[in-house]
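Chemist: This is what each chain is made of:
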Amino acid sequence: MPADSRQPEHAAIATADDHDRRESSARGLAGDRRTPRSSGARRRADRSVGYLLVAPAVIALLAITGFPLVYNLWNSLHTVQLADPGAGHGFSGITNYKELFDEPGFSADLGHTLLFTAVSVTFEIVVGLALAVVLNKKFKGRGIVRAAILIPWAVPTVVSAMLWKTMVDPQDGLVNYVLRTLHLPGAGVTWSANAWASWAVVIAADAWKTIPLVAIILLAGLQIIPADVYEAAEVDGAGGWRTFWKITLPLLKPALMVALIFRTLGAFLVFDVIYILTGGGPGSSTETLGYLNWKAFIVNSDFGYGGAISVALVVLSLIIAFVYTRLLRPST
Amino acid sequence: MIYSCKQSFRRRSAAIGITATILGAGLATGCSSSSQPASSGGVVTIEFATQGLGAEEAATNAAIAGFERANPDIKVKDFVLSTNTSDALQQLTQQFVAGSGTPDVIESDVIYPATFAQSGWILPLTKFHPDMSKFFPGQVASVEYNGQYYGMPWFTNAQGVFYRTDLVPTPPTTPQQLVTDAQQAMKKDPSLKEGLAFEGDKYEGVICNYIDFLGGFGGSLNANNLNTPANAQALQFMQDTIYKYKIAPAAVTGWQESNVQNAFLSGQAAFALNWPYIFPLADAKGSAVQGKIAWIPFPSNTGQPQAALGGDDLVINAKSPNQAADWKFIQYMDSAQVQIARAVAAGDAPALQAAYSGTLYAKLPYFRQAEKVFAVTAPRPVTPAYPKISAELQTMLSSVLANQETPQAALSGTAPTVKSLFDAKGS
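Protein chains in written order, with numbering that gives the first Met the number 0: chain E, 0 to 331; chain A, 0 to 426.
It is worth saying that the hints were derived from the structure and are not from the lab.
Just so you know, not all the hints are guaranteed correct.
[Stated by the list, open to error] Some chain E residues flagged as far from chain A (calculated, every beta-carbon gap over 12 Å):
{"hint": "1", "residue": "S38"}
{"hint": "2", "residue": "V69"}
{"hint": "3", "residue": "I93"}
{"hint": "4", "residue": "F105"}
{"hint": "5", "residue": "A129"}
{"hint": "6", "residue": "A146"}
{"hint": "7", "residue": "I148"}
{"hint": "8", "residue": "I150"}
{"hint": "9", "residue": "Y229"}
{"hint": "10", "residue": "T242"}
{"hint": "11", "residue": "P253"}
{"hint": "12", "residue": "G265"}
{"hint": "13", "residue": "L268"}
[What the hints assert, rightly or not] Here are some of the chain E residues that sit facing chain A, going by a computed Cβ distance under 10 Å:
{"hint": "14", "residue": "D83"}
{"hint": "15", "residue": "D168"}
{"hint": "16", "residue": "Q170"}
{"hint": "17", "residue": "D171"}
{"hint": "18", "residue": "K294"}
[As the list claims (entries may be wrong)] Residues of chain A clear of chain E, computed beta-carbon distances all greater than 12 Å:
{"hint": "19", "residue": "G217"}
{"hint": "20", "residue": "A229"}
{"hint": "21", "residue": "A287"}
Every residue gets a Cβ at the ideal spot worked out from N, C-alpha and C, and that includes glycine.
The following block holds chain E by itself, in its conformation from the complex (with noise of 0.2 Å):
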């Protein structure tokens, strides 16, 4: 891995060559053929095949994505009740964003959110970071390791979530078994019956899952961190903390800000892992800004209100990763 950072050049004239080359084949195919066309109407032919070629592309991409955008947007500025047709679908202006500030569901799980994402992401990249500066290190069986590591995220959080479930029941459940053999606190907890036992059990679950992506994505930060630069270290006395903080952080940055934006709008927008833990409850302690989204949607068939909510979600999550990439933009 290190050898591709050593040979920046040798790419640029790879690139040089193949821009040569293309150019060069096309005057080639123009000179022998002698047409009597212009090279220039050649080329505007030429773009409007690219054009008609990714049109099909482009027009997916905005059917996909582009038009449900808008039409949230639009439903979030009317009423649109579906289970209720005699209500209209009248324009309603600002009344659903009202709502939001009105209801207090919405300040609590936004509050609910902002604690679970900062907890639970802060907890990710720990682990994540630790786990990939091991597996980063030289030792018997670490292809397989890394490959294990990614088990976790590969299992489905509806089946995880119902895993964790199953674990954390105070009668039958492994964590408070386990808790109980080795005479731990936390043996009697009812993990369900409790705000902060459940928040607990949701972060956990959350952590088990994503954690090897964190550690992945970290670990191919870390390889591409060239080994001279440790050499040097080493041979000025640095120390192993020292190295950690003055050289592998700093050069870790692309990855741990892809990593943080990776997870902080995932936690962010979290719903599965609620949904099947939870339910929100007890009462509504669990319940998140993804969790009230599905609330309005879904149960309550208010697309309005629902379509509000999402819009608040996206604007949200586009500031977070604006604040991201202005903290941790590279310094160059």
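Keeping the supplied structure of chain E fixed, place chain A upon it in accordance with the hints.
Modeler: Here is chain A on its own, set in the frame of chain E:
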């Protein structure tokens, strides 16, 4: 020249191909929403939307075959919905919102007819003069909306109390007695982990269980008037089973049917609230309670117990072009012979009272006990706003069972919201 000609031909055909694909997709979607009744030579085809899989699907197919033999001019097409009730609701809502005339006849969970009716999606059956007295009254209530019947009961279900006959010789007749019986049973048999197991997770099932507890104290799940002394008493009792009487484990706050089933069938619980599907499982291999169980409505102080109603109704799509055929089909599905055959093949309890007779008892003796529970079923609030009300009730019950709120505070807090949801949608 030949080369460029070919190229332009290829180009054009590619363009045509793309256009055709897009147009084709457009036409296909355009067509599906305006499907016409497929009639050929006087034969009409109706589409029947059902949820069941496995034995239920086989029973449905057998019934359809029988119906088609008896009515050669009607063909029935099976339209399989998701087995998950909320997903099935989504599928149906999409069809309804698109204004589709199919499916013609629909199997609907007992909680949905009011929602469909208020939207004008399903047909009031008044013109067919249905005879509702043949069915269990609790389920008849589930299809009645604004003074009209919008569906016919198909098969019924109820939440009752299973108990261990070896530990509880005579069934309790009051909630208090259930507590003492459970406590005594726990003393008598130390291997017993819990006196009472019920569904206390935050989901639809906790509401069904609350309905059972309500019957114990003369309360009722009236969306218009939720905060009554009897309802508060029942909710207090429900919470007390965990924290005061300690007959139910706090674990029930995360339990659904399968957890209760496991606890009861493995011999860990003296009492368990569940649906009658437990009967065949209790007799199956691996069960620790073979021949040691009985089923009753939740014991009541007022002598008027109630059992939460489950089950499914049959409704007709208001846009169906074959309504006479649809009605014929429903009547066939509700005939005693089909109801009994379905019960025997798939365990679905007949909604038809007349089906509870020697023929059925000979094959499945437990229906003798079940009939007594089905006779006292109470539906969840029959209102189009029920899905919203359900979400409120689930949150309320979950917070009470987790001991986050006192029952009285929770009821006073939730009742006005539930009432406003109920009023907004009318009754």
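Chemist: Please name the hints from earlier in the document that this structure breaks, with their numbers sorted from lowest to highest.
Modeler: none
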